[in-house]
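> Protein chains in written order, with my numbering: chain A, 1 to 778; chain G, 779 to 940.
You may find that some hints are simply not true.
[To be verified] Some chain A residues close to chain G (C-beta under 8 Å, calculated; not the full set): (1) 350; (2) 353; (3) 734; (4) 738; (5) 754; (6) 758; (7) 769.
[Unchecked claim] Ranges between beta-carbon positions, derived for each pair: (8) G:937 x A:769: 23 to 31 Å; (9) A:717 x G:807: 57 to 65 Å; (10) A:741 x G:876: 39 to 47 Å; (11) G:819 x A:292: 18 to 26 Å; (12) G:819 x A:714: 48 to 56 Å; (13) G:833 x A:30: 30 to 38 Å.
I should point out that these hints are in silico values taken from the structure, not numbers from a laboratory.
In this text the structure is predicted, and so the values were computed from the model without any measurement.
Cβ coordinates follow ideal geometry from the N, Cα and C atoms, glycine included.
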Amino acid sequence: MKRIILIVFVTVSLGLFDNVASQRSKKKPQWSGSETVPVHLIPLKDEFDQPIIPTQVNPLPFSSRFTCAPCHDYNVIKQGLHFSGANPDLSGRAGEPWFWLEKKTGTVLPLSYQNWRGTWHPSELGLNPWDFALLFGRHMTGGGILEPAEDEISPQSRWNVSGKVEINCMGCHNASRIQNHSEWAKQILRQNFRWAVSASTGLGEVGGMASRLPATWDLFDGPNPDDTEWAVVPSVRYNTSLFNSRHQVFFDIGDKPNDNRCLTCHSVTPVDMPKQSFDADVHSLAGLLCVDCHRNGIEHEMIRGYEGEVSLSSEQEAKTFTCRGCHMGTDKNKTDRTAVGRLGAPFPEHRGLPVVHLERLSCTTCHSVPWPSKALNRVRTSRANRLGIYGVAQWQTDMPQIFEPVYVRDDNGKIAPHRLVWPSFWGEIVDGEVIPLRAEEVLTHAGQAFASEENVAQVLLALYREPDLGGVPVLIAEGKIYSLNVDGGLDVSDSLEDFASEAKMWAVRTEEKIVPLIPEFDTEAEMMDMDVEVRIQIVLEALATNESAPGQPALLVHDVMYSVREGYLEKTNNPGEFRPTPWLCWLVEGQPESLVGEFDLRTVKATVGEEQTLTEEQIRLVLDILNRTQNSSRSDMSTPHAYISGGLMFLLDKDGELTTQNHESADPVTWPIGHRVRPAQQSLGINGCRDCHRANSPFFFGKVRGLGPLITEKVNVRSQGSFMDLTLPYQRLFGLSFSVRPLLKIVLFVSALVCGSILLIFLLLVLGRISGLVEKRR
Amino acid sequence: MWKKGDRNLFKGWTRLYEWAKTWAGQFYPGWRSWVFFCLILSFLFLAISGFLFAILVPRGLYGLPLLLHVAAGGIFAVCLSMAVVWRARFYTLDVVQPILLKVMFWTFVVSGLCLIVTSLSSMISFLSMQFQIEMIRWHRLFAFVSLASVSAFLYYSLDREE
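So that you can see chain G by itself, here it is in the shape it has in the complex:
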């Protein structure tokens, strides 16, 4: 499964950038590439800020990072919905694509949707505090699922390219 050369996969930012550029050029022509890059960057920031604080800081996410996390969440939600509109048709049952890619794509969409819903519900004032606490717990779980799906999607895509 894991080849020796693949160890540099996530260390090589240049390689990742090249993949993203190619991918954007291929599937997100013109101005749409901005949406793709915004999606990647916002997701990266959300993942780093969220998991870093969740793991290392007992209090969890707070202060300016929280503020930026929320702002990045908004960008992520918009970009995700646009990407889904544009790309969903390439991951339907009839399209010839590796099944693993399809599964990862739809897993990412589902977890992304759940991330949006769980963050939105904790902002709504007619839900109880206990419900919010549950939502934050689920938010963390779906964040993990989305990160896993993106990682697998990326790994498989890069593997196929090679």
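With the rest of the complex left out, here is chain A:
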């Protein structure tokens, strides 16, 4: 009996112990108390949780999920802010959206999975997580939608080939300078998703491109020995010198991620400013790291640091990491310098500042971003303009055009500085709403309307391939020289005076001079100049290599035509009009057509060398084509189309003329700015009230001009005050009142002096009477 009781007792005790132990293991991991960071000398694991032996043939890339798993709970970490961008339940203050850019069609579409004003949900544009990964994975952290569950994988995607993008832990935590974001971006572009972490960490070299593999390829298929040139299967070759005999590798993990890691995706810099002129945020200059304020626990629920975040975030500490939290403390009863905030932040005196400013403005209004001026400042951001990816190819883009600061009243009713982008896109008008069209849809229907630069470039490219031309082929038009650039587009430069009057001429540029592609010659001479004859043949043969040529090339001079037939130069009658000078053309169904059409030439002259890429003529043409196109996907009938640019909606009226309208789809997208914080001595208002309160102050009356890819004078122009929901005539009057405020102060001072003096005299008289020094008057 005793034995039975003992066994029952032991069993119950063990059960209880196990229960308590398992409950403990589910609890949030506690800090051991040590301020040191453990040495991360650990073995690598692949995505099947198998150890990686770097000397093996074709080892797999390492998996952060399983390599970090013994100590860090991947499933907890992946709930963090940086991996939850696509979580619709993630509310809070708007952030910078992603911008879907397509230069040719002039498309700049702000996208977000959150319901932020002015943005489009990717699914509204038919973008699935696979598309999103290819477009924006270059500046994403992995995890989240880049690591979809099996039931979330769409049939059009190639996740089985590329693998999923696991969280790039080392992208933030690697203290080693070998961490290479450019490598990450390249691997994402090549669809080498599962190899991107290994490549960017610098533990090995990754070769091959998953994007070139057939959709049926699988990791278990292994390398393809028959193709070592084109469709090479991605593979990693580990740097074995980094591993010890137990196949462990050292990860250089610091106490806190350094700012470089954050700035890879969060840089914001002024356009056209040399690097040495750029002043960083005052907090960085003071030695603070980004993560000193933007803290997180193992859940990676990072503090964003804006006021009101505490009501949304489970991180109750968030309140203490706002501007006010650090500088003024969170104790409402302490409103003077005895208030204690975080990190030894100085208490702001705000001398002479009416308290209403603290109630109506965010701290960043006066303390962040450049001083408001008549024109907005243009900036580039890492994610929008693809900064921080280095290599031979230029990754960074001029689009989207981002401006700051625009002072916008936010959802809390406070005015805060924002960045702004005007959207531009082609759309279909359905029930008064503009539904964006994907760029490829527009190109399918009206591709030729966007191909002007390409058409000219292809002619030049065909000529460029001919080495015997003796120089670089160029097109001269109205005083400008157009030549090929390395990206296959055109560069423009000013022409020499000799050709300033030429409407259009094909020429060859040598180091010394520019000469016509075909010199003038006598067509009626008995014996044609051999050099000219050879030249004509070379040019015509070179032009014939243009794959998009509409016909055979020919040269018309006076009333004769030269063409190449079966390798010989043939001279026939000119089927077209008389040409006083040599004129190159295509023969289309026997009729001569210019090498480059008038529309293409006008477009090239207007757009090449300009940031804007579209002309009103192109818009009119494309809208006309789109309006005549039946869109079966949304409607049985053809619907009107529009182009959004510069804050206006462009559409065709009933006469086919281009008109503009205001439309909410054309409104700019804005998002609040947290940094660059200036020192207090440079804050807005340091010179007094008139920094903002004057008749024409940029703060209230600065103009915000619509901008987009379209070359046009028709743009939306708004004042700063319109974003603040303020009555501008009153603000002007209020501003004017500050002109007489010094006078008011003098008046008040003199009045106080007079009243005070008489009061003093009266009091002295009373005192005199009481003391008997002054006698009673009779």
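Based on the hints, put chain G in the right spot on chain A.
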């Protein structure tokens, strides 16, 4: 204290106007009457705009009324100082006047001075925001004191006339 007929005292604008006209004619001859009327009107506007917003609007005084309040404050300050220069001698200890009138007069002068000082100090850029907040609080208090003193002064003056 409060007689039945006095209920119409502040309702009867005509009566108030008549009193002011008589008072101005008696103590502020010629162009000086303008100063007296400006003082009364600016004080009335300041009191109405200030107290109405303080009581009814949580945000307090703002916008155009605030702008007009500040402008009226300047007029009030100038007129008050002129009125004090001209009338102080009639409220000294030696002059035969009811003591209550003297007290109310000097209370009005003191509170008026404090109103000027508190508004001026909140415009000066070398005082801290916390100091300004205190000044606005005091401004409201002195506004109440000045209104009370003017009311009592007026009541007593009208009572004496009757």
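> Would you mind marking each hint as holding or not holding in the structure?
These are the hints, each one checked on the structure:
| no. | hint | result |
| --- | --- | --- |
| 1 | 350 | holds, 4 Å |
| 2 | 353 | holds, 6 Å |
| 3 | 734 | holds, 6 Å |
| 4 | 738 | violated, 11 Å |
| 5 | 754 | holds, 4 Å |
| 6 | 758 | holds, 5 Å |
| 7 | 769 | holds, 6 Å |
| 8 | G:937 x A:769: 23 to 31 Å | holds, 28 Å |
| 9 | A:717 x G:807: 57 to 65 Å | holds, 59 Å |
| 10 | A:741 x G:876: 39 to 47 Å | holds, 41 Å |
| 11 | G:819 x A:292: 18 to 26 Å | violated, 58 Å |
| 12 | G:819 x A:714: 48 to 56 Å | holds, 52 Å |
| 13 | G:833 x A:30: 30 to 38 Å | violated, 54 Å |
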